[in-house]
Structure formats: C-alpha cells, structure tokens
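Visitor: Please put together the full structure from these sequences, using the hints given.
2 protein chains.
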Amino acid sequence: MYEERIKRTELQQKIISADQAATLFKDQMVVASSGFTKAGDSKAVLKALAASAPANPLKITLLTGASLGHDTDGALAEAGILHKRMPFQVDPALRKKINSGDVLFVDQHLGESAELINEKIIPRVDIAVIEALMIEADGSIVPTTSVGNSAAFAAAADKIIVEINMSVPLSVYGVHDIFSTGVWPHKRIIPITDAGSRIGQPAIPVDPEKIVAIVLTDTTDSPASINERDEKTSAIAAHLLEFFSHEIKKGRLPHSLRPLQSGIGKVANAVLEGFIDGDFHHLTMYSEVIQDSAFNLIDAGKLDFASASSITVSQACYNRVFSNFEKYKPHIILRPQDISNAAEVIRRLGIISINTAIECDIYGNVNSTHIGGTAMMNGIGGSNDFARNAYLSIFVTQSSSKAGGISHIVPMASHIDNTEHDVDIIVTENGLADLRGLAPRERARLIISNCAHASYKDELNNYFTEACKRGGQTPHLLQEALSWHSRFNENGTMLKTVHV
Amino acid sequence: MYEERIKRTELQQKIISADQAATLFKDQMVVASSGFTKAGDSKAVLKALAASAPANPLKITLLTGASLGHDTDGALAEAGILHKRMPFQVDPALRKKINSGDVLFVDQHLGESAELINEKIIPRVDIAVIEALMIEADGSIVPTTSVGNSAAFAAAADKIIVEINMSVPLSVYGVHDIFSTGVWPHKRIIPITDAGSRIGQPAIPVDPEKIVAIVLTDTTDSPASINERDEKTSAIAAHLLEFFSHEIKKGRLPHSLRPLQSGIGKVANAVLEGFIDGDFHHLTMYSEVIQDSAFNLIDAGKLDFASASSITVSQACYNRVFSNFEKYKPHIILRPQDISNAAEVIRRLGIISINTAIECDIYGNVNSTHIGGTAMMNGIGGSNDFARNAYLSIFVTQSSSKAGGISHIVPMASHIDNTEHDVDIIVTENGLADLRGLAPRERARLIISNCAHASYKDELNNYFTEACKRGGQTPHLLQEALSWHSRFNENGTMLKTVHV
Numbered sequence: 001m002y003e004e005r006i007k008r009t010e011l012q013q014k015i016i017s018a019d020q021a022a023t024l025f026k027d028q029m030v031v032a033s034s035g036f037t038k039a040g041d042s043k044a045v046l047k048a049l050a051a052s053a054p055a056n057p058l059k060i061t062l063l064t065g066a067s068l069g070h071d072t073d074g075a076l077a078e079a080g081i082l083h084k085r086m087p088f089q090v091d092p093a094l095r096k097k098i099n100s101g102d103v104l105f106v107d108q109h110l111g112e113s114a115e116l117i118n119e120k121i122i123p124r125v126d127i128a129v130i131e132a133l134m135i136e137a138d139g140s141i142v143p144t145t146s147v148g149n150s151a152a153f154a155a156a157a158d159k160i161i162v163e164i165n166m167s168v169p170l171s172v173y174g175v176h177d178i179f180s181t182g183v184w185p186h187k188r189i190i191p192i193t194d195a196g197s198r199i200g201q202p203a204i205p206v207d208p209e210k211i212v213a214i215v216l217t218d219t220t221d222s223p224a225s226i227n228e229r230d231e232k233t234s235a236i237a238a239h240l241l242e243f244f245s246h247e248i249k250k251g252r253l254p255h256s257l258r259p260l261q262s263g264i265g266k267v268a269n270a271v272l273e274g275f276i277d278g279d280f281h282h283l284t285m286y287s288e289v290i291q292d293s294a295f296n297l298i299d300a301g302k303l304d305f306a307s308a309s310s311i312t313v314s315q316a317c318y319n320r321v322f323s324n325f326e327k328y329k330p331h332i333i334l335r336p337q338d339i340s341n342a343a344e345v346i347r348r349l350g351i352i353s354i355n356t357a358i359e360c361d362i363y364g365n366v367n368s369t370h371i372g373g374t375a376m377m378n379g380i381g382g383s384n385d386f387a388r389n390a391y392l393s394i395f396v397t398q399s400s401s402k403a404g405g406i407s408h409i410v411p412m413a414s415h416i417d418n419t420e421h422d423v424d425i426i427v428t429e430n431g432l433a434d435l436r437g438l439a440p441r442e443r444a445r446l447i448i449s450n451c452a453h454a455s456y457k458d459e460l461n462n463y464f465t466e467a468c469k470r471g472g473q474t475p476h477l478l479q480e481a482l483s484w485h486s487r488f489n490e491n492g493t494m495l496k497t498v499h500v
Numbered sequence: 001m002y003e004e005r006i007k008r009t010e011l012q013q014k015i016i017s018a019d020q021a022a023t024l025f026k027d028q029m030v031v032a033s034s035g036f037t038k039a040g041d042s043k044a045v046l047k048a049l050a051a052s053a054p055a056n057p058l059k060i061t062l063l064t065g066a067s068l069g070h071d072t073d074g075a076l077a078e079a080g081i082l083h084k085r086m087p088f089q090v091d092p093a094l095r096k097k098i099n100s101g102d103v104l105f106v107d108q109h110l111g112e113s114a115e116l117i118n119e120k121i122i123p124r125v126d127i128a129v130i131e132a133l134m135i136e137a138d139g140s141i142v143p144t145t146s147v148g149n150s151a152a153f154a155a156a157a158d159k160i161i162v163e164i165n166m167s168v169p170l171s172v173y174g175v176h177d178i179f180s181t182g183v184w185p186h187k188r189i190i191p192i193t194d195a196g197s198r199i200g201q202p203a204i205p206v207d208p209e210k211i212v213a214i215v216l217t218d219t220t221d222s223p224a225s226i227n228e229r230d231e232k233t234s235a236i237a238a239h240l241l242e243f244f245s246h247e248i249k250k251g252r253l254p255h256s257l258r259p260l261q262s263g264i265g266k267v268a269n270a271v272l273e274g275f276i277d278g279d280f281h282h283l284t285m286y287s288e289v290i291q292d293s294a295f296n297l298i299d300a301g302k303l304d305f306a307s308a309s310s311i312t313v314s315q316a317c318y319n320r321v322f323s324n325f326e327k328y329k330p331h332i333i334l335r336p337q338d339i340s341n342a343a344e345v346i347r348r349l350g351i352i353s354i355n356t357a358i359e360c361d362i363y364g365n366v367n368s369t370h371i372g373g374t375a376m377m378n379g380i381g382g383s384n385d386f387a388r389n390a391y392l393s394i395f396v397t398q399s400s401s402k403a404g405g406i407s408h409i410v411p412m413a414s415h416i417d418n419t420e421h422d423v424d425i426i427v428t429e430n431g432l433a434d435l436r437g438l439a440p441r442e443r444a445r446l447i448i449s450n451c452a453h454a455s456y457k458d459e460l461n462n463y464f465t466e467a468c469k470r471g472g473q474t475p476h477l478l479q480e481a482l483s484w485h486s487r488f489n490e491n492g493t494m495l496k497t498v499h500v
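These protein sequence lines map, in sequence, to chains P and U.
Once you know that position 312 of the first sequence is 312 in the numbering used here, the rest is easy, because the numbers rise by one and skip nothing.
Once you know that position 154 of the second sequence is 154 in the numbering used here, the rest is easy, because the numbers rise by one and skip nothing.
Be aware that a few hints might be false.
Put simply, identical chains are the same to the list, so a pair is met inside one copy or across any two.
[Claimed, not checked] List time: in silico DSSO-like cross-link candidates among lysine-lysine, alpha-carbon distance up to 27 Å:
| id | residue 1 | residue 2 |
| --- | --- | --- |
| 1 | Lys187 | Lys250 |
| 2 | Lys250 | Lys59 |
| 3 | Lys232 | Lys249 |
| 4 | Lys14 | Lys59 |
| 5 | Lys250 | Lys210 |
| 6 | Lys26 | Lys250 |
| 7 | Lys84 | Lys469 |
| 8 | Lys84 | Lys250 |
| 9 | Lys59 | Lys120 |
| 10 | Lys232 | Lys402 |
| 11 | Lys59 | Lys469 |
| 12 | Lys159 | Lys250 |
| 13 | Lys14 | Lys250 |
| 14 | Lys59 | Lys402 |
| 15 | Lys249 | Lys47 |
| 16 | Lys159 | Lys59 |
| 17 | Lys250 | Lys120 |
| 18 | Lys496 | Lys96 |
| 19 | Lys187 | Lys302 |
| 20 | Lys96 | Lys469 |
| 21 | Lys59 | Lys47 |
| 22 | Lys249 | Lys187 |
| 23 | Lys249 | Lys469 |
| 24 | Lys210 | Lys47 |
If you're looking for bench data, these hints aren't it; they were derived computationally from the structure.
Guide: Right, dumping it as structure tokens:
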C-alpha cells in the first residue's frame, strides 16, 4: 500500500523503522519538525528519539510549526533531550521544564518563526522530520493535516526524514497551497485577495537527495478536546454576536462580516457556533486553525470558505471530515504559517480576529502568555500576528476564575504581549468594551464598567481614581500596580478580603 | 504669483484670510490637518483658530499625520480648544494638558491612524486643513514637505481648507507618490518592491466642490534642532556600525545593507552619519522621515534613494535642499503614511529599523512612550509599524541619564509599546545585545552584561538571580519589578545608595 504514496520509487528503499531513524540524531543538532496545533506532527520518530535517550544522551534545539500532539513534547522534555524549543508548545511536562529553566523556550510570533531559518540567523537545520501524505515523483512532499513551517524546514534542512502517515486518506491531496515569498532581496508579493485565493502548489518542493529516511506510520492526530459551551462562554459569545449585529446595523459590516480568525478553545468555538443561528451568511475564515465549529458552519451552509495552516478537530469531527473529505475540500485550504499569518494578507483582507487573553489591564494591554508575570502557559502563538494587523482585534476572557480568586481584569497586566495600541475590543461574560478611538482614561472607565467582575469593580475604580489624582496619560500607582498578583501569590486570591 | 499655484481658476475666488477661515470651525467638530514630523503642517489656520478662542470658545477633536510645528499644538492646547488629539504630538504645552487629563490623547501606530476614518469608526471629518504646494486644474492637491494622512483626510472631509504655502518652491512638484489601497472589500495590493518604486500619482485627488477656502501663507516648516554628536551617541553609532560590518562578514547582509528606517533624533543621525566613512555603498532608506543625515549621505554618494512621508531638516539643510531641489528629487519620494509605514511593504523589503527607547527591560521589552509608566512623552509614532515587521528591529538608548540617576535598563519596563517578541537588538553606549533566537533568561544575561550602566549592573544581576530562584520563563520579583521607578519618584534617583 505504501507504494502509491512514494511515487519516487527509488525512495521506497529508504524505509526504516522509527528506532533506526532515531539513531540519525546527534548531540547539539538543530531539529525541525512538522506539526501545528497538534496536527500533522511527527508521530513516530520524535517519540523514538525520546525513548532512545538512555542509550543515546543528547541535547537538541527543536523547532516546529506550533504545538505537537501525542505528548511528544513532554516525552522529549522528560527524557532531557531539549536544550531549546521554539516557537510554541502546549505540553504540561514541557511547560514545567521551561518554567524551571531546564529548557530554553523562545516564544515567537508564529507568522515570523520561519524567518530565523530563512535568513540564516539560525545558520543550519540538521534534520527535518516531516509528516507526509505522500511523496510525489519529483520528490515533493505532500503534507497531511497541517502545513506549518514544513516548507521552510524542508528547504533549509541538510537531511529530511519523512513520516508517511498511512491513516490520512489520499483524498486530502489538493487541499494544500504551498507558496514561498522567497528571501530578500527577491521577496515576492503574496497575491492573496480573498480567503480562497489559491496562489501556490499542492506539494512542498524538496531535493530528493536530502530525504535520508522514510518511516511509515498509521497514527491519527491527537484529537482536540471537546469544549462544551458553559454559561460564561455562551455569555461572551452572545455579547460578541450582538456587537456584530450592531455593526451590521451601523453599516460598518455586511452580513458576511469580514474574514474571521479565531484562536483555539471554548470561547472561539462558542462564538463560531453562534453564527449558525444568527443572521449571518456567506462567512469566510482566514485563520491559523480550522476547528469543529468551522465544519459545523460549512455543514449549516453558513461558512463559504476557510483558510488556515491546520485542521485540529475532535475525534468525532475527524472521522466525519476525513471519511468524506471530497465534500469539504472545495471549502478549505491549508497554507504555510508565514502565509496564513502574514501581516500583508491580514491587513489587506480586513480580518476580524478573536483571541483569548490570560488577563487584560484597565488600559487595554493584554497578557497572552504568562501566569503571574513569570510562568509560561503556551506562548503568544499567532495572536499578535492577527491582532496587530486585523481590522478588528478582539480579546476574550472570563472576568474571574478560581472561585472568584483571580480577576482577569487587573490594574496592570503582569506581562504584555498585545499592547494597548493593538487591542480594539475586550469581552468578558459581563459585557463588551469597544476601545476604538478612545484615550486610556476613557478605556479604563469602559473596561471596568463593562468587563470586570462585580467583586473587583470597586477596587479597580478606586485604583483608577487614586491613580488619576497623580496624573498621566496612563495613570498608575506603581507600588500597587502589580500588587494583585503578589496578593494572589501570598494568599491564593486577588481579593482583599477573603469571602468565606 | 498665487495664480500659477491655483490652476483651477474658479477656486481663486475662495482665497480668504486665516482669521476668516477660523470662523468656519464649530464646537464638537472633528478636524483633520496635514503635518508629519513638523513638516507640511498648517501654518496659519490652526493658529488663527487658537487665537479666536476667547471670541469663539469651542472643543474639537484634532487628527493629524503626526507632530505639528510652530507650537501650534501648544497654542491650541493652551487655548482650551482640544477635546481629543490623535495620533502623535511632541509639544511640551500639549503634553502637560495630556498628562493632567485635560486633553484626551489617543496614541496610535502612525501607519494605522487613517484607518479609523477610512473605516468610518470615526464617522465623519468636518474640516480638513491641508497645506499645499498648488492645486491642479482638476482640483487635486499637491502636498508640500510631507504627505502624512492628507489623502485620507481629503477623501473623508466634508470641507477642505487649503493653505497654499508660497515659500515652497514649485520644483517640489513630482516628489510625491499618492497611492490609496482603497477600503475593504476592494483593498489593493501595495506593489512596492523596492524603496524607489513609484506606484501612484503626484497629487491627492479631491472633489473641488469640497474646497471651501484657500489661505495663502509663506512660512517655512519649523526647523529640526541640530543634534551634534556627543560621546554617547557616537559610541552607540560605533557599536551599530561594527555590528553591521560583522553581519556583512558573516554573509547575512550586503554592503548596501537593506533598506534603512530610522527614528528622529541624535542617535539616528549619528548612526546614519557614520555610514559616510564606513565600507557601505548604495544604501537605501524606507522610512517615515528624511532628515539632514540622509541628504548628507546623498551628497556623499552613499545613499541611492530615500522613501518617507516627510522631510524634516535643520534650517541650513532646508535652505540647501530646497534651493536646489532638482538635484535631490531623483533620490527621494514622499508617500502617504499608511504606505511609508505599511506592514506589507516593511516585511517585503526586509527593513533594518532603528528607533529610540525610553527604557528597555532585561527581557527585551521596550517602553517608547511613557515616563515612569504614567506620563506621556510623545507617542509610539511609527516605531512599532517598523519594529513589528522589520527584518532587524533595533532599539537604542543611553544606559543611564540624569547624572546616573535613571537607568534605562530596568528590571521591568513600566510601560510596554514594543514587546520582547518584536525586539531584535538593543544598543547603549556600553554595547550591543543581539537577542535573535534567545530565550528570556539568555536575553537578560546579555542585556545586563552588554548594555546596562556599570552603576546598575550588580543590582540588575541580583534581581535576575533572585528572580530565577522563583522560576519562570520570564523570572520576576513582582513586588520589586517596578520599585526602581517608585524609588525615582521618591528619591529623584533609581540608585539605592545616592553617590555624592
């Protein structure tokens, strides 16, 4: 069966086991792997590398598209193999090693993460591991459920190990659109003018001489966890849908809105699901990842087209989509992440961007990455690729969590990934603050009034009032600005008086 | 003489005095004005409006390209006319009113500031005041020494007042390149592929019916102050030039480097002047503003082409350039600020961006706007338009100031405009930190070691060491993170022990 997936027949003799492939890695190598939002990642070779650690102790720098699935990052971290990791991760075991300082993590804009390699800031990639649907007769690699940085990795790597994933149906062929801008001084215009623009090729061009090994796998992607709507996410979605309806009434948005981007998670799914019932038609997406909700919208006849760098769905949705891929293929396209997240395209298409904040401050600065200002959660991902250049940059968060002990609206964000200059709308279950055209003092009043949790409103208002007495464009009491986070570290709650 | 500058002859009867023009403004109007880095601003009408305040008290929202010259912002602020001001300013009197909360200031990315109007987030512009070289037969307005947001303002305004500046020589005609992307869903590709690409028209298209008044002026732009090199700026420039030479040797940059952007000020001028002596050739600029140093580089045969949105030079340079403009015209182009600062073009051209920081923290976050976390200095300007999408994003600052009482390298920046994700290089007179590909803990060691002032190194190292004991991707001691700023507010110095 593998023969039809390795059309360059001479490469069929390169098939080896994952354990054999693991022996190709040496100490201090720079390794790159396919994988974006757990989709299209290495299923066998990286895991085998982790397992080989006792016999073959080494340290590598690992670059990916974004997160890996199957606990691979955790296995590598716990095996002590990772010296440095970039540009994104979501693994609890790896996170622990990052925060203890054992693994160096470079938290990068996903749309820019290939640049260090393309521009030779990282001078070489020793081995790239790329999951593929098939290899074409000219050696080109057809990706599976994500494109990520695989094209950049394949171009830069000295050696390529291909994982042919036999479980991904061949009907996936043709969903990818591989386009490279090239490098300076011959960087090309990205000629995308709508979400569905097809500008490239169905496969990643590869020098077949660089393919040193092929490993056959049949493991599907780690499924996305199913996030049922709850009261808070439903309320956030309702505020956003009401806002969109209001903008339609004002004549600033059509019923098809503008191309949508949405981050991963509960709220994003709840908002997108909300479009099924609302008076919205002919929606499009220009995003990083296509999730369950997008396929539900396609099935409901609401979403015309979705462009992204990966498909990350629940097991049930995976089964539905990949058993009948020809139905969905006309509606979707998978692009390299420097194209899905390109500033140029995001600005031109006028994206409506919806991402999750860890916390927002009263002036509209957003922390997307750090707990208590110090500990890494996942990374900035593509949030600022979109927020920085979107037509509408929306951040959603619950107003409080941990039984009310954490306020997600704080006097000063303890880490800032998306600055006040890049944040248009903040939404919590309490309400929505439209910050466009507002000065910081106006924003503070609106965010506190519309978004903060009732338990924290008085203290936020007091902070703001006292700070205003001291003056400034962005009034702050520096000695108290981060005291809520300190209080949480000491007392386990941001509340001044603990309510029993 | 004015007849040759008003080629649509019927408009010649619209000439009135500035005082008469001032009577056209009403309370609560949204007013837009030309002017970018003090160049091409309204010389007469806004000043007359300020003078009319006692007789005609009103409040307006004022939008510009960037800063105005001739203390106009100060006059308007002190006259109590400004309700809201965006997107940038540099005026001491206005700054005072902003920080006292009397004037609302919206601090915006300059490349995005036209968007609120184009997209009707600000639903109307009542009057636009635009300085012009001349009006063409079809009513088109030819700008003077800047383009700024004038094209967007002219398109959106109900009424236009044109200030014909008789002092600007007609030889300036042809230096402007007016291009509009249009608005969604028909936004166009910006087809600039090198700094010199000419893609538009020499004049701003205008419906002549909207021109309600013409005022004649003959005042030249406020001159830029001459910033002589000093020991610190020379040292910063030397570190940067050495870095560029190193990158050339590594094969990552050619002797022509890549298109340069540089902010306004001493250091930028010192760096650019440094190119006169170095082994650099066929340089180009793709920047916001063309300063003295650019003309010196053109004269020295080092700079082939400079693209920007304005020309802001010293009086001596102004006299030299504008008395012989035909000599310089083939080497320069002036664009609308949403084109000079376009993410799309900055990324495509691979810009080397050099901007000034107010302070940097040990992890590479940059404060570009606020003193002590609260008081506005000037605004973010175009710094993040460039830093966010540049090939190389460089921030320069002195390591300390106020007789050593302020460290410009701090544990945590008190306000963040350019995040760690967008900052590649930090330079002080002590040295340069190349942060590319480094994790936060690596960055901290390098920034403290290479950039911090000797008086603060121990305390920064102690902070970092203690913070690392608590762990985290970005180790911080939240209770001490902003204590240096608090200490300065209390003691007038960030030093723990005051050295007498």
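Visitor: Each hint needs a verdict: does it hold in this structure or not?
Guide: Going down the list of hints, with the structure as the test:
1. Lys187 with Lys250: For Lys187 and Lys250, only the inter-copy Cα distance (21 Å) is at most 27 Å; the intra-copy one is 40 Å.
2. Lys250 with Lys59: So Lys250 and Lys59 pass the 27 Å test across copies only (26 Å; inside, 57 Å).
3. Lys232 with Lys249: Within one copy, since 26 Å is at most 27 Å while 57 Å is not.
4. Lys14 with Lys59: within (26 Å within a copy, 76 Å between copies)
5. Lys250 with Lys210: So Lys250 and Lys210 pass the 27 Å test across copies only (25 Å; inside, 56 Å).
6. Lys26 with Lys250: For Lys26 and Lys250, only the inter-copy Cα distance (25 Å) is at most 27 Å; the intra-copy one is 61 Å.
7. Lys84 with Lys469: between (46 Å within a copy, 20 Å between copies)
8. Lys84 with Lys250: between (49 Å within a copy, 23 Å between copies)
9. Lys59 with Lys120: within (21 Å within a copy, 54 Å between copies)
10. Lys232 with Lys402: within (14 Å within a copy, 50 Å between copies)
11. Lys59 with Lys469: between (54 Å within a copy, 24 Å between copies)
12. Lys159 with Lys250: between (56 Å within a copy, 23 Å between copies)
13. Lys14 with Lys250: neither (62 Å within a copy, 36 Å between copies)
14. Lys59 with Lys402: This pair counts as neither: shortest intra-copy Cα distance 38 Å, inter-copy 46 Å.
15. Lys249 with Lys47: neither (53 Å within a copy, 40 Å between copies)
16. Lys159 with Lys59: Close inside one copy (18 Å), not across copies (67 Å); limit 27 Å.
17. Lys250 with Lys120: between (48 Å within a copy, 10 Å between copies)
18. Lys496 with Lys96: So Lys496 and Lys96 fail the 27 Å test inside a copy (29 Å) and across (35 Å) alike.
19. Lys187 with Lys302: Between. Shortest inter-copy distance 24 Å satisfies the 27 Å Cα cut-off; intra-copy 36 Å does not.
20. Lys96 with Lys469: between (42 Å within a copy, 14 Å between copies)
21. Lys59 with Lys47: within (15 Å within a copy, 66 Å between copies)
22. Lys249 with Lys187: Between copies, since 22 Å is at most 27 Å while 41 Å is not.
23. Lys249 with Lys469: neither (39 Å within a copy, 55 Å between copies)
24. Lys210 with Lys47: within (22 Å within a copy, 69 Å between copies)
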